[in-house]
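Q: The primary structure of each chain is shown beneath.
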Amino acid sequence: MIDWVLLVIAAWIGVGVLGIAALRQFKLVARILFPLGGLIGLALAFAALSALPRAPEIAILPIGLPQLPFHLRLDSLSAFFLLIIGAAGAGISVFAAGYFRQGAGTPPGLLCCEYHLFLASMAMVVLADDAYAFMVAWESMALASFFLVTANHKVPEIRDAGFLYLLIAHIGAIAILLCFGVLQANSGDYTFAGMREQSLSPFWASAAFLLALFGFGAKAGMLPLHVWLPEAHPAAPSPVSALMSGVMLKTAIYGLLRVCFDLLHLHLWWWGVTLLALGLATALFGVVFATVQTDMKRLLAYSSIENIGLLLAAIGLGLLFRSYGMNALAALALTACLFHVASHAFFKSLLFLGTGSVLHATSERNLGHLGGLLRYMPWVGWLMLVGVFASSGLPPFSGFVSEWLLLQSFLFTPGLPDPFLNMFIPIVAALIALVAALAGYAMVKFFGIIFLGQPREENLRHAHDAGPWEKAGMLWLAAWCIALGLLPNLMIQFIDPVTRMMVGEGLAKQAAASGWWLLAPTSIERASYGPVFFLLGIIAASTLAFLLVRLFYHGHVRRSAPWDCGHPWQTPRMQDTAEGFGQPIRQIFEPFLRLQRTLPSPADTKPFYKVVLNDHFWHWLYLPISRGIEYLARQVGRLQQGRISIYLLYSFITLLFMLFLVQR
Amino acid sequence: MDNLITQLINLFAAVILMLAFAMLSQRRILTLIHLFTLQGLTVVASTVAVAYVTHQHHLYYSAALTLALKCFLIPYLLHRLINRLNVRWDIETLINIPTIMLIGIVLVVFSFNLALPIAKLSASIARGTLGIAIACFLLSFMMMITRAKAVPQVIGFLSMENALFFAATSATYGMPMVVELGIALDVLVGVLILGVFMFQIREQFDSLDISHLEKLKED
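Protein chains in written order, with numbering that gives the first Met the number 0: chain A, 0 to 663; chain B, 0 to 218.
Derived by calculation from the structure, the hints in this document are not laboratory data. Check the hints yourself; a few may be wrong.
Said to hold, decoys possible - Just some of the chain B residues that point at chain A, by a computed CB distance under 10 Å:
#1 F109
#2 S110
#3 L115
#4 P116
#5 L120
#6 I133
#7 R146
#8 E179
#9 S206
#10 I209
All residues carry an ideal CB built from backbone N, CA and C; glycine is no exception.
Okay, chain B solo, but in the shape it has when bound (with noise of 0.2 Å):
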């Protein structure tokens, strides 16, 4: 039994990077809020798993934290968001999609090469997915940079935050539960300041296009 959920673990964790990298060359703002949220399920499930295998009771309520947050709570917002703002059907041009899958791919095989010494270390029975958590997160990063519009920019700042979550879980079962509860909330409160920001250079410049904050540069 604990083999076959190791394998699931295993499993999640390979449809997370995946997930990513969806992400990483989506160009419709709305499948990639969905994408995220599938983001969000699949690191849940995840953390259900190993919760189950180790029994750490804990990563129940970090899971269950992560379900209202992740899946429900902040997807509902950006969908709000990205009506009120009217960029629903927004198609973004994304410059040489080739490119940055395949810097990607390097990305994932220098992640793993850093993993290798770590899982070494690490007793944790999910330590074979340190390598895809960073892979994750440098892809996430990855996408905040290519991006140049405002909401796709959150949307890679929040996966971020997923891959450092799914890091925490499978190399040392979790952070403590006060730091989680601390992470959450900042990850909660910067979606609402970032869609602050978001009307605000809305108004300022008519459209959700960061480069037009090259105007602001002092010379």
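So here's chain A without its partners, still in its complex pose (with noise of 0.2 Å):
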């Protein structure tokens, strides 16, 4: 099976040469390289699919250096992650297919080019069994999504997040390789397999635990590393930034998951505590700064921090379970953690693929300009609601199962045998409900404010609904998430490998014994969650809510205007507005927020409002930083003084202190 994966991996490779060919006729590019990308793509998720429960194959590719060939292995995990990036980047090539237009910016031929080979990869980051490819295809990667990211360099702000991008993208892979350094423990072995075998003391084991969760968190957006991603993401091409966000950041959950689950056999208590704090700071800050956001890809990718941090806080709690021998749990909580991989990439996907039709039916990012589109753009409007539904985690869409999984595995805690975590615990379960409810706040602010009430500009009227590859890219990832909602249990039969090669227990059994259409992780009696029934439930009182409402009080419709309560006209400015639905968040949560605010004075006849919202961390860690490096060069530079005697004097005095330093 892993030569089908690898010449899938190859044909996506050719297909980006074939685009290089084919540099600028647009429509060879548009109409057939990406298509047939989504096709490949397609044919990747199938090859993991019938990956997933099969035993590790490897393979060895004689690429790279001489005596270092690239190690691959298919195993559960990366066939899981592998389904992942086939399936969410078939429906983004379809899309793209339509998105991409002919003008400035980079040729087409080159885009396409670089697009697959992001493709490409990530899927040989998943596969690699030794240091060497692994940091190879993590760099392709790194720079792939830079150079996308920069599509459009000649705006000055895109350049900025580019570089503010690949700068941390290099801090965290040299984190990253430090972590293998460390993981072979000077065996001089770098393959994967050699270092399972190793076993590290608790120090060296701490040590290459922390180095991996600094360097794949820094691809993760973890805080305090996610300064870059509210910068790149909005700055991408839409269905690069799908794909940067929807599957690009689950690369990073796959290595941490492979580095403390696969490559580690000690599992520390505090490590779990670890990282469910930060999974939790990370979520409960990436929510609340996407609720106060008014652009509408920034808004999204605050909340791909958000998911992130959930994702962690799941890890977290799997390890700890974990580190206590409590194996079935720890594979609850890791079912939880994989399904969300799976349900954020689709949804999130999904949501920026939308962002993207509406940027280009409307041109405005800005959710002040933006309103009413429903009904200009039916089709991205309900398909994108399907997506925010799913976000918010609202029953029976997919985002729901997984937050009901990790609220779950937060319920069995009292389990733990330490009285400390026992009374930690249950805070972090409810903010992680706090999190929940937050992030359908602001998806309500996302959707409301784009699609529904009026429009604020006179020129959304003229917006035209997405084209047909568009439409279907986005049905596409739609499906998922509602498939994925329904039918719950048939994706826990692909996790179940997963998490059974990670810890060694598995859910499926105990999904299976109550039947397809009901979720039951524990025990029926104690929690189960029928999506079917939740469904039909909601069709049956829609549709008698409905009927009840035309039956009796349609009938007696009155229609008059006596009074106008005050407002005998109304406006689109009159709406409630993005700032003003953020508004209350941004009282409570006033502390997390940097404000910079001028208010117009009330005899001002055209009065403005501005308001500038800023990161802490920004100002308290990433500016001290650069201020000291800036002194510490400017300090270097002053050895620069252009007189020849003093250079002398500089080797002069260095050889006399190498001397002393020798006759010692």
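Hints given; two lone chains; assemble the complex.
A: As structure tokens, then:
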């Protein structure tokens, strides 16, 4: 099966090379190469699906340096992430076929090449079985995505965003490299198979864990390394944002899982607590910032940070259970994590693609200039509604299942043998619930301001709906959101071999025991969820309400306007704005944000209200670091005097010092 | 006889050190070149003496090469250079000669201290002179640092090479012939290139004072 997977990856690279060949032939690239890439993604998803329950397969590719081939391994964990990459990539590619427009910026063929190399390198990352292959794939992924982010490099903000992204990606890559250096434990064997055989002391295992957390956290957007994410995601073209947010962030989660549960055998309880705390902080931070954003893509980027936080918290919980030997519960937490990986990949890609269609139709990203688009773009609107429901964790969509599973696993923490943790973790669970609720708030704002109400600008009335390619791509992703939500047991069957590989337990047996329609992760008495019944219930209730209103109310409508209650006419300007909708959250979470507000004076006839929201981390962490580096560089710059005798004096003093050292 | 010649080697070494001090404090360019030639001659003489005592024949070739290069060719080139540049009678203003000499003495003490453990390991008859060789090297380096004009700096550089050659003979009976030939060629080429540079510097700044090069610094 691994041969098929490699063939598929090679096909992606081939499509990329064809893109270079057809550099400026727009029609060829858009109508043939991108759909071809999507088809290849579908093939990858099928290959991965059939590889999921099988035993691990290895392959050695004789490329790279002599004596240092690429070791590759296809096991359940990599197959699961390949499934995500293939399935989400297929939808995004089909969308991209209709999305990219002819015009300025990177030529379409080059874009196609970068895009497919990006996909291929992501697939290689999850296949790699030695540190060398992993780092090569990881770096090509970072570089390909960097060039995709800066596709529109004539804009200075986009260049800045790209630089910040590249910088943090490389700092993270250094940490990952160091982590592998610790993991190989002086054996000189950098294959993962060699690393699995090492048994590290608790100190070095902790060092490896912390380095992995830092390195993969930088890629995932963990606090406080998240600053690149809200800059880079909005800067990229929408299909690329979708791919980065929906799929690339998951490779970081993959790396963390691979290191924590496969390469390291030791699990300390405080690792889990650290991850839990960091994940929770990330989630809360992300969701609060998401609610106060006014740019639709930035809002989604912050929402991605929130989801990454939830994933990290789930991994942390899994580690905690694992360190106390409670493998069944660890499997539950990891199932929640993997389920959320899948569901976030689909709904966040869908939402980013939707913003792309809106952007094309209106050339507006600012929520303050949008509104009422459901009437003009019904396809995009209704499909986005699916993504919005999944994202806010409403049944019967996919987001609900993962969040429900996560909260279920929190309910078992009283079984932990540590009284301190027993008191501490229910608070965490409560905060997770808060995050889920706030995510719903952010999504209501996102959908409501863009699609409901009246258009805030006149030209929105001429907005056109998405094209057939874009519709097809979004439909595919929306279908996954619904399918994952309605048939969670099927997905759990796929996740089962993965958790079995990582912690030795799985949920499939319990899930199968209660039938395909009912999800009961532990026992049916304790908790169960039947999405189909839920859907039927919702449909029945809505139909009933509709009919009742029709029957009993609409018959007696009396239309009249005796009083206008103070506003005889209503303009779009009177609607709640994005700022207004987020204002309560901004008030409550004021200490989280750094606000700069200019209020107009009461006498001003053309009042202008401006608010700039900033991140504390930028001012507390990043600016001091950059100032420190600049100061150091200045001090080093003093060495440059321009006088030959001073330069000679430097080497003279160095020589004397060295001689002095030699003599001792 | 051998004892006498060993004493002779020590004498030559002392002369080389004194010449190094003399060059460090010399202000006239012409005299500087004379002193340099003299230093070269002394190095040749000491090499011949070592070769005679130890019966190392390749050292004779080294001595002949050095004689040709350091005592005839390079001094000739330098003379021509200062005539063409018209700096034959130039006098350089040196700052604070006593301080420089005092630092030089400190350097000599330091190098003797440094050479002591190395000389113990060496089997050469001239091992006592290693400290002097290192001291000469450091003094020539000092000279390059303290000079503001281009020609004396070049002489400092060449004198550094002399000291290295002397160190090699006294510690290990000289370097392999190939290395020596290579270094000799390097020095020659270096002098030629530096000569060209001097012309360029003068053309650019109407002076050979290298403090003008400070203007090239980027702000």
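Q: Each of the hints needs a verdict: does it hold here or not?
A: Status of the hints after comparison with the structure:
At about 7 Å, the closest approach between the beta carbon of F109(B) and any beta carbon in chain A falls short of 10 Å, and the interface hint on this residue holds. Using the Cβ-Cβ criterion of 10 Å, the hint placing S110(B) at the interface with chain A is satisfied: the shortest such distance is roughly 8 Å. Annotation: L115(B) was flagged as interfacial toward chain A, and the flag holds, the nearest CB pair being 9 Å apart, inside 10 Å. A distance limit of 10 Å between C-beta atoms decides the matter here; for P116(B) the minimum to chain A is near 7 Å, and the interface restraint holds.
Below 10 Å, beta-carbon pairs count as interface contacts, and L120(B) has none with chain A, the closest being about 13 Å; its hint is therefore violated. Hint status for I133(B) relative to chain A: holds, with the closest Cβ pair at about 8 Å, below 10 Å. Using the Cβ-Cβ criterion of 10 Å, the hint placing R146(B) at the interface with chain A is satisfied: the shortest such distance is roughly 8 Å. Below 10 Å, beta-carbon pairs count as interface contacts, and E179(B) has none with chain A, the closest being about 23 Å; its hint is therefore violated.
At a threshold of 10 Å, the smallest CB-CB gap from S206(B) to chain A is about 14 Å, leaving the interface hint violated. Look at I209(B): its Cβ gets to within about 5 Å of chain A, closer than 10 Å, so that hint holds up.
The structure fails to meet hints 5, 8 and 9 from the earlier list, while all remaining hints are met.
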